[in-house]
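> Residue-level listing of the chains:
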Amino acid sequence: MPELEAVIGLEIHVQLATKTKMFCGCELSFGDEPNVHTCPICLAHPGVLPVPNEQAIFYALQIGLALGCEIAPRSIFHRKNYFYPDSPKAYQISQYDIPICGAGRLGDIRIHRAHLEEDAAKTIHMGGSGRIHGSEASLVDFNRGGTPLVEIVTEPDLRGAAEAAEWARLLRETVRQLGVSDVNMEEGSLRVDANVSVRPAGSTELGTKTELKNMNSFRFLQRGIEAELARQRELIEAGGKVTQETLHFDPASGTLTPLRSKEEAHDYRYFPEPDLVPLAPTEQMLREARESLPELPAARIERYEEMGVPHDVALTLATDPRTAGYFENVVEAAEGIEPRVLANWVTGELAAALRQAEVEGGAADSRVSPPSLAALVRLVQEKKISHGSAKTVLAAMVVEGGDPANIVEREGLAQMSDSGELEAIVEKAMADNPDAVEKIREGNGKAIGAIVGAVMRETKGRADGGEVNRLIQEKL
Amino acid sequence: MRVDLGEILSHVERISELDLSEVAPTAHVVPLSNVLRADVPRPSEARDEMLAAAPDPVEGAFRVPSTQAEA
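Protein chains in written order, with the numbering used here: chain W, 841 to 1316; chain A, -12 to 58.
I should point out that these hints are in silico values taken from the structure, not numbers from a laboratory.
The structure presented is a predicted model; accordingly, all values stated were derived computationally and were not measured.
Beta carbons are placed, not taken as given, at the ideal position from N, Cα and C, and that holds for glycine.
Please note that the accuracy of each hint is not assured.
[What the hints assert, rightly or not] Restraint-style ranges between C-beta atoms, simulated for each label pair: (1) Glu1135/W with Ala11/A: 20 to 30 Å; (2) Ala33/A with Arg1143/W: 51 to 61 Å; (3) His15/A with Pro1150/W: 49 to 59 Å; (4) Val16/A with Asn921/W: 21 to 31 Å; (5) Val16/A with Ser1132/W: 31 to 41 Å; (6) Asp35/A with Pro886/W: 51 to 61 Å; (7) Ile2/A with Pro886/W: 23 to 33 Å; (8) Ser1132/W with His15/A: 26 to 36 Å; (9) Pro1091/W with Ser3/A: 36 to 46 Å.
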């Protein structure tokens, strides 16, 4: 049997961070007493008329533009009919054949569509033994019912669980930096479902898929997909067939249990929502959404890589725009020093010094100004202080701020410029460590560390390591 | 009522005489778009009043038969 390849698509529900619900003026909040944010509209009393929230439309346009989606010149809302207590109307207002955002792309993964809809209410299952199965009654809290959602659907372009989780992280970071959602997976403001199937490697046909729900962290997303891929592979290799169904992931046990048989699309009896007129984004709406887009992670990573910053450092900066802005100010202040070196100082030594000093907040909020960090790196580059001394200076800078040159002078950390003095110290260190000298002569290169260490102790780290090494080699 | 319904049905029959193969399905007949509202909170209704219409409220929530039994 040929190897079975994973085919994964994601559906991401993003709760929009508007002040009010999608179709009524009830306030949105998380964690309030149940049913305090309800009205005849979101409880579906007869005769009410929904009116879309213009901020939600704006956020949807921002998401669509950020994902490079084609924006529909005219889109309409549909009623998606289903009977469940979390939907008082017995339908959800959603979009069907003409979503507001069409095909797009984020990184290597194609976006199929993104559409607007409203969230369902929260149901809490009571009684019975299990959390869900065997419940005797359910309580419904409509505070969440009617929250604006954008559902983003990818093409089945992902080929592994780890790749899916990594891409989902990039999407969350993108949405977070747009400022359109809290993207908190634990609180459910970002929810990721995965459509998972396998097929013989090289095949272009899609296998029967299952839908995985309730993976409220990226780690669980990855674990859930891994578990389901293993289950499907085992099933098919044993000659069985995958059944199309929805599976509920239990993070505690890492197991998947069938939730309900998957409804076919036609079961929802979609039809145009007669109470809502079409959305036709105007030139002005599109321009405002476009102009409000910040530089997004994918673009930032690409730009930093072009500056010579390694991918992992670029990624670290791209997921933290404030530190990235700080880094760019350091680059500007440190003309002539490679951005790669500066990026390492910002994400490495400075971040470590802030952690060490238990300073709250990142580099941008610290007492170390971009020009002073640039000045410190320049002192190291010009060999005026050693790398070790620079760390000592930086530790002082995160606490008291100020100019590194002053701290260097005050602490007596200037690199030993008198090579005669350094030479004498090296000679003494070698004389004090005859064993090490012998070992180096025998070809044990690591033994040099003992001598360098002795020199550094003697000079309190002010000696240039490279120069010390050179002197030792010279004297051997 | 029977007369009204009859008239409506015969009207629909008249439409089916037309060749509509070139006409796109119409979702809305009102020539309007972008009827939107500002994102400004409006006070919600009192919870007790909203729950008063429910058959079995409990602890500020709507109690319903288990949603799992039918699955």
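> Would you list, in rising numerical order, the hints stated earlier that this structure does not obey?
Per hint list: 1, 6, 9 violated.
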